[in-house]
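Engineer: The lines below spell out each chain.
Number of protein chains: 2
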Amino acid sequence: MARFDLHPELLTPDAFADYGDVIAMDGADKRVINDGTTIRYHDLAKIDVADENGRPLVSIFRASAVQLPLRLWLMERHPIGSQVFWPLSAEPFLVVVASAGPSPNTGDLRAFHVPPGTGVNYARSVWHHPLISMNATSDFMVIDRGGNGHNLDEVRFPDDTDVMLHGYDASKS
Amino acid sequence: MARFDLHPELLTPDAFADYGDVIAMDGADKRVINDGTTIRYHDLAKIDVADENGRPLVSIFRASAVQLPLRLWLMERHPIGSQVFWPLSAEPFLVVVASAGPSPNTGDLRAFHVPPGTGVNYARSVWHHPLISMNATSDFMVIDRGGNGHNLDEVRFPDDTDVMLHGYDASKS
Numbered sequence: 001m002a003r004f005d006l007h008p009e010l011l012t013p014d015a016f017a018d019y020g021d022v023i024a025m026d027g028a029d030k031r032v033i034n035d036g037t038t039i040r041y042h043d044l045a046k047i048d049v050a051d052e053n054g055r056p057l058v059s060i061f062r063a064s065a066v067q068l069p070l071r072l073w074l075m076e077r078h079p080i081g082s083q084v085f086w087p088l089s090a091e092p093f094l095v096v097v098a099s100a101g102p103s104p105n106t107g108d109l110r111a112f113h114v115p116p117g118t119g120v121n122y123a124r125s126v127w128h129h130p131l132i133s134m135n136a137t138s139d140f141m142v143i144d145r146g147g148n149g150h151n152l153d154e155v156r157f158p159d160d161t162d163v164m165l166h167g168y169d170a171s172k173s
Numbered sequence: 001m002a003r004f005d006l007h008p009e010l011l012t013p014d015a016f017a018d019y020g021d022v023i024a025m026d027g028a029d030k031r032v033i034n035d036g037t038t039i040r041y042h043d044l045a046k047i048d049v050a051d052e053n054g055r056p057l058v059s060i061f062r063a064s065a066v067q068l069p070l071r072l073w074l075m076e077r078h079p080i081g082s083q084v085f086w087p088l089s090a091e092p093f094l095v096v097v098a099s100a101g102p103s104p105n106t107g108d109l110r111a112f113h114v115p116p117g118t119g120v121n122y123a124r125s126v127w128h129h130p131l132i133s134m135n136a137t138s139d140f141m142v143i144d145r146g147g148n149g150h151n152l153d154e155v156r157f158p159d160d161t162d163v164m165l166h167g168y169d170a171s172k173s
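Chains as they are written, first to last, in my numbering: chain C, 1 to 173; chain F, 1 to 173.
Because the hints were derived from the structure by calculation, they are not lab data.
Hints should not be assumed to be uniformly reliable.
Computed beta-carbon distance windows for the label pairs [as the list claims (entries may be wrong)]:
(1) Pro13(C) to Lys172(F): 45 to 55 Å
(2) Asp35(F) to Pro13(C): 24 to 34 Å
(3) Ala90(F) to Asp26(C): 17 to 27 Å
(4) Pro158(F) to Asp26(C): 40 to 50 Å
Among chain C residues calculated to face chain F with C-beta under 8 Å, some are [as the list claims (entries may be wrong)]:
(5) Asp26
(6) Gly27
(7) Leu57
(8) Leu131
Don't be surprised by glycine CBs; every beta carbon is placed ideally from N, CA and C.
Make a model of the complete structure from these sequences and hints.
Structural biologist: Next comes the structure, spelled out in structure tokens:
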């Protein structure tokens, strides 16, 4: 029996750079529009879905809350499209990713704590765990790819491998 | 001096069909995913931004609140791209639209009350007033078109024309 303990680190653009974009208003390109009545925080993620057969899909995901520590079970990737998750509640959430490659390497997993008011955009082919909502059932706006083409790979962790995701401890970040 | 008084009607997909999509979880195509932990409300809007020079932009708009009645001043349209507005607060908002055509006809304006948990997607070329937030400064996730090409027309109402937008009165809807 192998066991891996994953402790989330705080999400930052630098730490997440190999996996995609951090979506946030802080540091964004701000533009005053509509005769001064609105500020546009412009172009927050590299949406990568519009190949010749692809089109952007807007969906809402409603995720059940999990208890931590959580035994992770599944990693997935979208080989031909990016995927945005933007939280519609004020709850933080957790993401777990692994570097690109033919399959996710258990020793290569990283977990990130995503603070309220922040989203992520997984770059194409980045391995990630399905949505992990804490505290309460939570909704997320999702922008990913629709259209023909193979856009989902899934890999389950072996039964004899426990990958345990723990809660975020700000004092250790 | 000409005066037009606009009274919002409740947003419904049928009433809004000529202008674009109502984005809502009610009535959506629901799919259970991620081994039963998540429900996907699938493909909620016809995103129409990915022509040969276009790409999807994700931005956040922060709109100042207005006082009603509001004298409307400006209509705009995006001739080569759709535009999603999804509210990130629990506040309702108002949209004002006019039928497609070379310029918005003042007598042809319609106003809609968008209840909390609901968004809109303006179809390309649909005339609409800039974002109208009530009650409090509010944030919206916006998905529109980036890339080269002429994608903004604006028309201001004449000084001698007062187009007054009133609050939504549910008892009259």
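Engineer: Run every hint past the structure and note whether it holds.
Structural biologist: Structure-based check of all given hints:
| no. | hint | result |
| --- | --- | --- |
| 1 | Pro13(C) to Lys172(F): 45 to 55 Å | 49 Å, holds |
| 2 | Asp35(F) to Pro13(C): 24 to 34 Å | 30 Å, holds |
| 3 | Ala90(F) to Asp26(C): 17 to 27 Å | 22 Å, holds |
| 4 | Pro158(F) to Asp26(C): 40 to 50 Å | 41 Å, holds |
| 5 | Asp26 | 11 Å, violated |
| 6 | Gly27 | 12 Å, violated |
| 7 | Leu57 | 5 Å, holds |
| 8 | Leu131 | 6 Å, holds |
Violated hints for the displayed structure, listed by number in ascending order: 5, 6.
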